[in-house]
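Go by the hints and put chain W onto chain G.
As you go down the protein sequences, you meet chains G and W in turn.
Quick note, in the numbering used here, the first sequence goes up one by one and the last residue is 450.
Quick note, in the numbering used here, the second sequence goes up one by one and the last residue is 450.
Hints are computed from structural coordinates only; laboratory data are not their basis.
Note that the structure is a prediction, hence the values are computed from the model and not measured.
What you were told as hints is all true, and nothing was included just to trick you.
Which copy is meant is left open, so a pair is good if it fits within one copy or across any two.
Straight-line alpha carbon distances no greater than 25 Å define the calculated SDA-like cross-link-like pairs of lysine to any residue that follow:
| # | residue 1 | residue 2 |
| --- | --- | --- |
| 1 | K313 | N359 |
| 2 | K70 | D26 |
| 3 | K57 | L390 |
| 4 | K313 | T427 |
2 protein chains.
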Amino acid sequence: MSGLDSSGYDGVVLKKLQQADARVGDAIRVVTDSRDVTGILMPRAQIGSDPEHIVIKLDSGYNMGIRIDKNTSVRQTKRAKRRRHHDTIEVQHKKGLPTVSILSTGGTIASKVDYQTGAVNPALSAQDLHDAVPELGERANIRAKIIMSRLSENIYPSDWSKITRAVAKEIRAGVDGVVVAHGTDTLGFTAAALSFSLQNLPIPVALVGSQRSSDRPSSDAALNLTGAIDLVGNADVAEVMVVMHGQTDDKAILAHRGTRVRKCHSSRRDAFRSINSSPLYQIDPPQIIELSPPLFHRDNERKLRVKPRFEEKVALVKTYPGIQASFIENIISTGHKGLILEGSGLGHTPNALYSAIQNAIDEGLVVGMTSQCIWGRVNMNVYRSGVELLEMGVIPLQDTLAETALVKLMWLLANERSSEKVKELMTLSHVGEIEMRTEMEEYQPPQEVI
Amino acid sequence: MSGLDSSGYDGVVLKKLQQADARVGDAIRVVTDSRDVTGILMPRAQIGSDPEHIVIKLDSGYNMGIRIDKNTSVRQTKRAKRRRHHDTIEVQHKKGLPTVSILSTGGTIASKVDYQTGAVNPALSAQDLHDAVPELGERANIRAKIIMSRLSENIYPSDWSKITRAVAKEIRAGVDGVVVAHGTDTLGFTAAALSFSLQNLPIPVALVGSQRSSDRPSSDAALNLTGAIDLVGNADVAEVMVVMHGQTDDKAILAHRGTRVRKCHSSRRDAFRSINSSPLYQIDPPQIIELSPPLFHRDNERKLRVKPRFEEKVALVKTYPGIQASFIENIISTGHKGLILEGSGLGHTPNALYSAIQNAIDEGLVVGMTSQCIWGRVNMNVYRSGVELLEMGVIPLQDTLAETALVKLMWLLANERSSEKVKELMTLSHVGEIEMRTEMEEYQPPQEVI
Numbered sequence: 001m002s003g004l005d006s007s008g009y010d011g012v013v014l015k016k017l018q019q020a021d022a023r024v025g026d027a028i029r030v031v032t033d034s035r036d037v038t039g040i041l042m043p044r045a046q047i048g049s050d051p052e053h054i055v056i057k058l059d060s061g062y063n064m065g066i067r068i069d070k071n072t073s074v075r076q077t078k079r080a081k082r083r084r085h086h087d088t089i090e091v092q093h094k095k096g097l098p099t100v101s102i103l104s105t106g107g108t109i110a111s112k113v114d115y116q117t118g119a120v121n122p123a124l125s126a127q128d129l130h131d132a133v134p135e136l137g138e139r140a141n142i143r144a145k146i147i148m149s150r151l152s153e154n155i156y157p158s159d160w161s162k163i164t165r166a167v168a169k170e171i172r173a174g175v176d177g178v179v180v181a182h183g184t185d186t187l188g189f190t191a192a193a194l195s196f197s198l199q200n201l202p203i204p205v206a207l208v209g210s211q212r213s214s215d216r217p218s219s220d221a222a223l224n225l226t227g228a229i230d231l232v233g234n235a236d237v238a239e240v241m242v243v244m245h246g247q248t249d250d251k252a253i254l255a256h257r258g259t260r261v262r263k264c265h266s267s268r269r270d271a272f273r274s275i276n277s278s279p280l281y282q283i284d285p286p287q288i289i290e291l292s293p294p295l296f297h298r299d300n301e302r303k304l305r306v307k308p309r310f311e312e313k314v315a316l317v318k319t320y321p322g323i324q325a326s327f328i329e330n331i332i333s334t335g336h337k338g339l340i341l342e343g344s345g346l347g348h349t350p351n352a353l354y355s356a357i358q359n360a361i362d363e364g365l366v367v368g369m370t371s372q373c374i375w376g377r378v379n380m381n382v383y384r385s386g387v388e389l390l391e392m393g394v395i396p397l398q399d400t401l402a403e404t405a406l407v408k409l410m411w412l413l414a415n416e417r418s419s420e421k422v423k424e425l426m427t428l429s430h431v432g433e434i435e436m437r438t439e440m441e442e443y444q445p446p447q448e449v450i
Numbered sequence: 001m002s003g004l005d006s007s008g009y010d011g012v013v014l015k016k017l018q019q020a021d022a023r024v025g026d027a028i029r030v031v032t033d034s035r036d037v038t039g040i041l042m043p044r045a046q047i048g049s050d051p052e053h054i055v056i057k058l059d060s061g062y063n064m065g066i067r068i069d070k071n072t073s074v075r076q077t078k079r080a081k082r083r084r085h086h087d088t089i090e091v092q093h094k095k096g097l098p099t100v101s102i103l104s105t106g107g108t109i110a111s112k113v114d115y116q117t118g119a120v121n122p123a124l125s126a127q128d129l130h131d132a133v134p135e136l137g138e139r140a141n142i143r144a145k146i147i148m149s150r151l152s153e154n155i156y157p158s159d160w161s162k163i164t165r166a167v168a169k170e171i172r173a174g175v176d177g178v179v180v181a182h183g184t185d186t187l188g189f190t191a192a193a194l195s196f197s198l199q200n201l202p203i204p205v206a207l208v209g210s211q212r213s214s215d216r217p218s219s220d221a222a223l224n225l226t227g228a229i230d231l232v233g234n235a236d237v238a239e240v241m242v243v244m245h246g247q248t249d250d251k252a253i254l255a256h257r258g259t260r261v262r263k264c265h266s267s268r269r270d271a272f273r274s275i276n277s278s279p280l281y282q283i284d285p286p287q288i289i290e291l292s293p294p295l296f297h298r299d300n301e302r303k304l305r306v307k308p309r310f311e312e313k314v315a316l317v318k319t320y321p322g323i324q325a326s327f328i329e330n331i332i333s334t335g336h337k338g339l340i341l342e343g344s345g346l347g348h349t350p351n352a353l354y355s356a357i358q359n360a361i362d363e364g365l366v367v368g369m370t371s372q373c374i375w376g377r378v379n380m381n382v383y384r385s386g387v388e389l390l391e392m393g394v395i396p397l398q399d400t401l402a403e404t405a406l407v408k409l410m411w412l413l414a415n416e417r418s419s420e421k422v423k424e425l426m427t428l429s430h431v432g433e434i435e436m437r438t439e440m441e442e443y444q445p446p447q448e449v450i
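Looking at chain G on its own, in the form it has when it is part of the complex (with noise of 0.2 Å):
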């Protein structure tokens, strides 16, 4: 492991920062034979890799790169405020305007703030708030909180039961909607686990992330939270949403279902998308159009029912050609409870995997077939492969996204003590996660410019 502490710095560099007792967020000075600037530290990781410079962000806005050696001289000459964890902040109360709470758990939308005091600490204070979207007082009355700060590739099953539980909370208190910022990497999946565990939902929950962070030009941060207070605060439905960017323009804010979006690009800013599905809903503040029909509707006398709890030995294996057995004979081994496989085309694996996949099942765990392809529905009476599989015991999960089936498994395994029963709720439908129609018409798949 690398010897980074916070600030993403080491060696001499580290040593001169901590002699000067400079942590990330500070201003600094720093002199060296033809240079003295003064501007605020940065983390490291967030810009390059260059072991031996200094980062540090000039009052115009531009970072700059600072070569340090055993003769630079480092002063700190301004603490930064530090921000305390799990502050609660109300902005203000305006009668007639629906109350929202925003929960952030970190990402890049909480990003203005890891530039100011690093990637320790968390984001989306009220004031940030207020300085980035300074109109959200006139929407709605916001409650801001802060559950914990983690970019997403880092938030876990344990995590989404504790995102749960702070979602309830809000929702016990009265709120008319929660607003739950994260970041973009495991979105999805969290949106999913939420769908799961807050059954009987009688307002809307949406997920909004950003990816660019809200002090560039090009942030996607203000208008997607925007659109999720909008959405939560406003719309007739009681379901988990992602609210994200439909079109890279600032026009289309797009609501798609918890359990059937999935992060398609990896840097702009209309990466989600519905698969097999149609989004639920366009926001072009103020107006929401109703794209498809809500599952369920706001209902604020249902009663909310917690289930906030995963099993986290669960995993997920995409398949392809030379793929070993030994793979699916260590999740047996390591005492996993189920498995979800992404098989290739209508729901295959190689034939080299049949005998451990019958060991799987044997030795009780459920195993799930969804397909790599990420769009249509797997299929598994058509070719021998599908049946052979089928009838070792392993369960077709129509067009379910692999990854929405390796959290519903995980939610299952954790909330039935049976587990024929969780075989059979895994191919029945709860929260729109299984579509029966036919999926030819939502398939809009890439279109090349021919």
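Here is chain W on its own, set in the frame of chain G:
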């Protein structure tokens, strides 16, 4: 494992069939209390999984399932003609037409014959081709050869070597182009494999599949095959490509670069998509329209170099919340030489995997990073997570598809002695697998119907 023989039948049904000496493809007469029907015996796995039914194809073309009990009479009335493997047949030879070799490996494109002779016998003899597309003889002098008969989920890296050698043999025989008929499940992997293993190609090679078998009215087999033959017979290109429907109608056939193509729908005819790049050609037989310039032009003087070997001990692992480090440890302990991570977003993994990834690199595995987003490219300099993985020695693979990265690493590890050289070559583009220009224009993601 199930007790299936190659016909897919078992139990009392199989016994009846054996007593009647009836094999799939034979005409049989079945007499029950209420029926007396004659038709072609179909393999069960193709249709459904009810163990007490025989399925026969009637003269009308429809399939019928008949429940069998011990009183049912089954007689074989006509033996199907069995074709031998490895037949090479030249259909005809006309002056002025290009000569094209068609090598069949199996899959749905060969399933007309599956219906007649069962899952074990191969297809695409010269006669079958002629039956399917009578006008083929007007477009090219065809050399047809069956090299294996597999559903593509059972094509392994060792089969890529066989297909490579078979294609090389045709090229050296002086044909103008080669078409490889292949199942669609792993067509993209095989296309990537041939892109690397056939170095310095003098002529084009097109892989072609079909999503619907050729005896269905909606079949795409004939048009895909015609398009592929036209392309490799005539176009001024010398690359490995995949030729499939670009839309659900029978208008646009597209040729995709072999390292850039992915099956994105489980059942639609337009399932294959170029990712992060444009298709190379649109084929509207006999018209061929260039959409993007080829990397290599046809040149009969160019000397083919065949590098058919692939290292099977390379793993592909898609990350997800809760993934266990023991997966990576198992990959190390089972003697793998390489690992392609399909990480989240710009190329991240949960930090729970870091120490196992470090171990893999310390043990000498080559570890590369791709993105499970599918579209876009990895950029591991933006966030701490990415920087830490880079510092461990994880290789960022730009916009290489995960599937192509896996095949490339299998190929490099079998053909290069030094792992430093392998690491360097993984970051360089050989046959269009990495494109350095911005990917933004090339993302034309799923557009929802709004």
